[in-house]
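Engineer: Please arrange chains B, C and D on chain A, whose structure you already have, making use of the hints.
There are 4 protein chains.
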Amino acid sequence: MMKTAKLLLHCPDRPGILAEVTDFITVNKGNIVYLDQYVDHVENIFFMRIEWELKDFLIPQEKIEDYFATLYAKKYEMSFRLYFSDQKPRMAIFVSKMSHCLFDLLARYTAGEWNVEIPLIISNHPDLHQVARRFDVPFYLFPITKENKLEQERLEMELLAKHGVNFIVLARYMQVVSEQMINEYPNRIINIHHSFLPAFVGAKPYHAAFARGVKIIGATSHYVTTELDAGPIIEQDVVRITHKDTVDDLVNKGKDLEKIVLSRAVQKHIERKILAYKNKTVIFN
Amino acid sequence: MMKTAKLLLHCPDRPGILAEVTDFITVNKGNIVYLDQYVDHVENIFFMRIEWELKDFLIPQEKIEDYFATLYAKKYEMSFRLYFSDQKPRMAIFVSKMSHCLFDLLARYTAGEWNVEIPLIISNHPDLHQVARRFDVPFYLFPITKENKLEQERLEMELLAKHGVNFIVLARYMQVVSEQMINEYPNRIINIHHSFLPAFVGAKPYHAAFARGVKIIGATSHYVTTELDAGPIIEQDVVRITHKDTVDDLVNKGKDLEKIVLSRAVQKHIERKILAYKNKTVIFN
Amino acid sequence: MMKTAKLLLHCPDRPGILAEVTDFITVNKGNIVYLDQYVDHVENIFFMRIEWELKDFLIPQEKIEDYFATLYAKKYEMSFRLYFSDQKPRMAIFVSKMSHCLFDLLARYTAGEWNVEIPLIISNHPDLHQVARRFDVPFYLFPITKENKLEQERLEMELLAKHGVNFIVLARYMQVVSEQMINEYPNRIINIHHSFLPAFVGAKPYHAAFARGVKIIGATSHYVTTELDAGPIIEQDVVRITHKDTVDDLVNKGKDLEKIVLSRAVQKHIERKILAYKNKTVIFN
Amino acid sequence: MMKTAKLLLHCPDRPGILAEVTDFITVNKGNIVYLDQYVDHVENIFFMRIEWELKDFLIPQEKIEDYFATLYAKKYEMSFRLYFSDQKPRMAIFVSKMSHCLFDLLARYTAGEWNVEIPLIISNHPDLHQVARRFDVPFYLFPITKENKLEQERLEMELLAKHGVNFIVLARYMQVVSEQMINEYPNRIINIHHSFLPAFVGAKPYHAAFARGVKIIGATSHYVTTELDAGPIIEQDVVRITHKDTVDDLVNKGKDLEKIVLSRAVQKHIERKILAYKNKTVIFN
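Which chain is which? The protein sequence lines are A, B, C and D, in order.
Numbered according to our numbering, the first sequence terminates at residue 285, and the numbering increases by one at each position without gaps.
Numbered according to our numbering, the second sequence terminates at residue 285, and the numbering increases by one at each position without gaps.
Numbered according to our numbering, the third sequence terminates at residue 285, and the numbering increases by one at each position without gaps.
Numbered according to our numbering, the fourth sequence terminates at residue 285, and the numbering increases by one at each position without gaps.
Among these hints, one or two may not hold up.
Computed cross-link-like contacts, SDA-like style, restricted to lysine to any residue with a CA-CA straight-line distance of at most 20 Å [unchecked claim]:
1. B:K278 to A:T246
2. C:K55 to A:H41
3. A:K253 to D:A111
4. B:K244 to C:R272
5. A:K244 to B:P12
6. A:K278 to B:K244
7. D:K149 to D:L159
8. D:K244 to C:V42
9. A:K88 to A:Y109
10. B:K244 to A:I45
11. A:K280 to B:K244
12. A:K244 to D:G16
13. B:K244 to A:P232
14. A:K29 to C:H41
15. C:K278 to D:A208
16. D:K273 to C:T242
17. D:K280 to C:V247
18. D:K273 to A:T246
19. A:K273 to B:K244
20. D:K278 to C:R212
21. A:K278 to B:P12
22. D:K29 to B:G16
23. B:K29 to D:G16
24. B:K268 to C:T242
Just the calculated beta-carbon pair ranges, DEER-fashion [claimed, not checked]:
25. A:K278 to C:L155: 54 to 60 Å
26. C:E77 to D:P186: 56 to 62 Å
27. C:D66 to A:K278: 41 to 47 Å
28. A:M174 to B:E65: 49 to 55 Å
These are computed hints drawn from the structure, not numbers from a lab.
Glycine included, every Cβ here is placed at the ideal spot set by N, Cα and C.
The shape of chain A in the complex, shown without the other chains (with noise of 0.2 Å):
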C-alpha cells in the first residue's frame, strides 16, 4: 500500500474549490486515487474527500496542513482534518455484559481488517473479561454507580489519554455516558443503538417493537452526543420479523444486526470516510 494523504474538508459553497484543491495537489505532483464530493444545496454547504499519495509530493507531510491551512482555508472559511494513512488511530470499546459485539470487533481486529490498534477495553461489569484474556488486550473494570459516576469517568479519561486513544467504541455499553466524556470525544464515540433510530428511543426497544407490532426491526450506529440517542447516524440496517418472533427472537436476530451494522461504522470511521455535520453524517463511499 501506498502511502496516502486523507483530507475531509467542508465550507460554504463558492464556484472554484474543488478545482483550486485538486490543482493544489496536482501542481504539487501529488497523484489523487480517491475524490468525492457533495453539495448540501438546501444549507449551501461543500463537503470533500480527496486522498492522494505522497510518494512525489513536493511539500513535505509534516508541513501540508500548514500550506494547506494558509492557502485555502480562510480563504474559503473551511473546515478541514488531514490524516495520513501510516497514522494507526487508537480505539477503544466500552462493554457490558453482552458478548456479540465485542466478539465482532475483536475478531476482526485479530483477522488484520482494520488498521487500528485497540490498546484497551473498558467495562462496568467484569462478565467479559474472559473474552477480552482470550484476545489478548487489556480489560479494565470501572463498575459505576450513581454517586461514583463522574469520578470513574474521569479515571477512565485518564486511562484513555494515556494509552493515545482517538475514539471509543460502545459496544452495548449499557451506562450513558456523561456530558464531560461526550465533551472530550466530539464524533468520536461510536454507539450502537438496537433500534431502527429515532423509532424506540432509549431502554428495552425490543420490547417495544415487539409490543407495537412491526414487521421489521433494525439497528443504528450513530455518533453519541448529549441528547439520548439522537446523535448522527452513521448506518443503520433492518431484518424482517413476523408475528411469531417472541421478544428473545428479536433480541437473537438483532444480535447479528447490531454486530454488522456497528462494525460498518467503526470501519468507516477508522477509514476517515465520515464527515459529521449539524447533526447528520457525509459518508463517503
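Structural biologist: Just chains B, C and D, lined up with the frame of chain A:
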C-alpha cells in the same frame, strides 16, 4: 381453481383444538389444502388459518358456519371468520392527489392479478379523475372541509353500502378518517403511511426523516384505528438512502416503496391471510 | 430547474485530468452542480460525470462539444458524450403479452415522473393494445415469425427513426432482438431479465429457480448485446422466497421486482447516469 | 425450558395424516408447542414438523419412535426423524486459512447461543490453530495432498466417530470433500459457498462476479452432495455492490455475508428445522 372454504380463528390455547378442527374437516370429507397455526405463548392465544376444498364436503356451504359455531365456537371461546373462495371481496379506493399507488392498484386489478372487485374510487380532490377514467372505474368527488367532513363521510358510507363495499384502501388519501367510518369498517380500512412506523408518525414524514439524517427510509401499511398511524401493522419495507438524497429524492424513492408495500398488504387482505388481534396482525403465509 | 450540461467521459488515467476539466468549466463561469469521478485502477481508466449550469456559461451551448473535443479529447484520448437538460430523450417500449412493466412505465410517464417522451409502443402481439390506448400512446403491431423477423425489424427501425427514438426499453418483450437492431442502438436497448443474472440465463428462469431450490430470486436490467442475457448489467434486486412458493408464486413475486428494477434502470438512463464500458456499467449516483 | 420431542416427517399426501398425528400426541397428553406443515402439490408430498412437551406424555421417551413407526410410518409410507431437546447435537468444524466464519461460530458457541457441542476443529492447514486455542477447542491438523486425501479423510472420519460427531460445518474449508465422507454424513455436511448459487459455481466466485459486473453479490449455505456446489440450499443472502468495488472489496463485503448466512444455516440445523428432500430443503420457521 377448486372452490374452497377459508377459516380464520383464535381462542384461548387448550390442548386438542387443532386435532379437533382438522378432524372435523377430514371426517366430513374436506381435503385440507392449507393449514397454519400459531400460539402466542405470552397471551396464551391459539391462532389458526385452515383452508379446504368444498367439492366432496358433506356439509352444505351455507350451513358450515352454523355447524362450526355450534360445535366449537362456544366450547373453545373461539372467535372465527369463514370465507369462501367464490365470494369476491369488494374494495373501494380513497385517493387525494398523488397517483402512484392508485395506478399500481388499478394496473393489478385490470390485469386480473387479484380476486377482487373495485366498484368505485372516492376522492376529496378532482385531480385523479383522469386516472380513474383511463381504467373505467367510477370516480366520486367528496370535497372535505372542517365543516362538512362528518356529513360528507356519511354520504360516502351510504355510497359504499350501496356498492356492497367490504373494505377500503387509502391510497395516499390525505385526510384523517373519522371515528364513525372507522367503526363501520373495523380492521377493514388499509392505509399506507410513508414512513417506517412508529418513526415519523403524522404529516411530512420524509421531511422528518431527512432532518434526522436516517440512512434508511420505509413505508408501512396498517389497519386504521382511531389513534393516528397507530393501528395494527400489516406490512413494512425499507430502502437505503444516503446523505446525497434530498427531500425530493426521498419522496421519489418512497413512492416505489409505498405502492409495493400497500399492494402486498391489500393482496394479503384479499386472500384472507390476516388476523388482527390486540393491535397486532398475525399474517399467515 | 436551471438548464444544465451533463458531460460523461472516460480515458486512460493521468494526473491532471480532473483539475483541468473542472478548471475549464469554472474559468468559463459554469457553476458545477454535480461531479463524480472514479478510477478503475485495474484497467487504469478514469471515468467522470460532471454537470454544470449553463446560465452564465461563456461558451454557447452549441459550441461546447467542439471546444471540449479540441481542447481535451485528443490530448487525453478521451471518449465523451455531452447532454443538455433541455433535450428530452425519446424512448420506445417493446412489449409482448405481459402488462406489469408496461403499466409501470406508462404510469410514471403519465404522472410526469421522468424527463422523457414516449412516442410509441411496439409489440409482436396484439394483447396490450388496450393498455396503450388507456394511456393514449400509439401502438404498432409487428407480428414476428422466423421468416419475417429481419424484415419486420427493418420496418420497426424505420418507424423508430421516423419518431426520433433514442433508446428502446424491452418491457418483457419475448423475442430475441437481432444483431442489426442491436448495432443500431448500442448500449441503448434496455432489457429486463427475470432472474438474478448470471444465474438462470435464457427462457423460463423462474422454473429453473424453483427446480434449483434457491431461497432468493432476482431480476436484472441490462443493456442488450449480441450475446443473450450477457450485456452490461445496470440494476439488480432480489426478493426472498421459501419452499412454500410455487412457480406461480415466483412469477407473481417476480413481477414486482421486474417492474421496479426496470424502472430504476430506465430512470438512470434518462438521467444520463450510466457509462457503459467493457461489458460493465459505471453508475453515477 | 421444558423437555420436548421434535418430529419431522414426509410422506405421500393423503387426507387425515395431520389429524391423526396431532390426535396421537393429544390423546397421549402431549402438549403441542409447535406445528408447521406444508404440502408440495406438484409432487404430492406432505411435510410436517411437530414439537410437543414430554412432561405428561404417556409414552416413555425411548419408546416413542417405536410407537410412531408401528402406528403410522408404514400405513402412510412415511419417512420420519425424531429428536429430543435434551440430546445436544455434536458438530465438527472444518477450516483452512480464513478465520471469519470460524470466529463467528466459536463466539456463538462460547456465548452459549446454541444448543450444541463442538468437540473438535479439523483443518488442512495449521494457520487457525491459534484461533482454536483462544476458544479452547481441540484442533487437529490433516494436511491434504492428492495422494493422501482418501487416507487422511478416513482418519478424520475415525476421529469424528470417536467424538460422536453428528454433523460437519465447512467454514470456508478449501477442499472438495470426497464421496466416502459425504455418504457417511448425508445432508449433514453444511458448506458456505461465497456466491449466490447457482451463479458462480466453483473456485474464485468473487473474481467471476467482478468480471461479470453484477450489482449484487451473495453467499449460499447448502448441504454437500457429490455434485460440487449443487446440494440442497439452506440459506442465502445478498449485499449490494457498485462499480467502485474492487475484487478485494467484494471479498471483504462477502465475509460478513458468509458468516451470517453460514450461522443461520447451522442454527436451523441445530434446531431441527430443516427437512431435505429431492435436492431441496423445507425450512420450518
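Engineer: Output the numbers, in ascending order, of every earlier hint that fails for this structure.
Structural biologist: Hint check: 12 and 21 fail, others pass.
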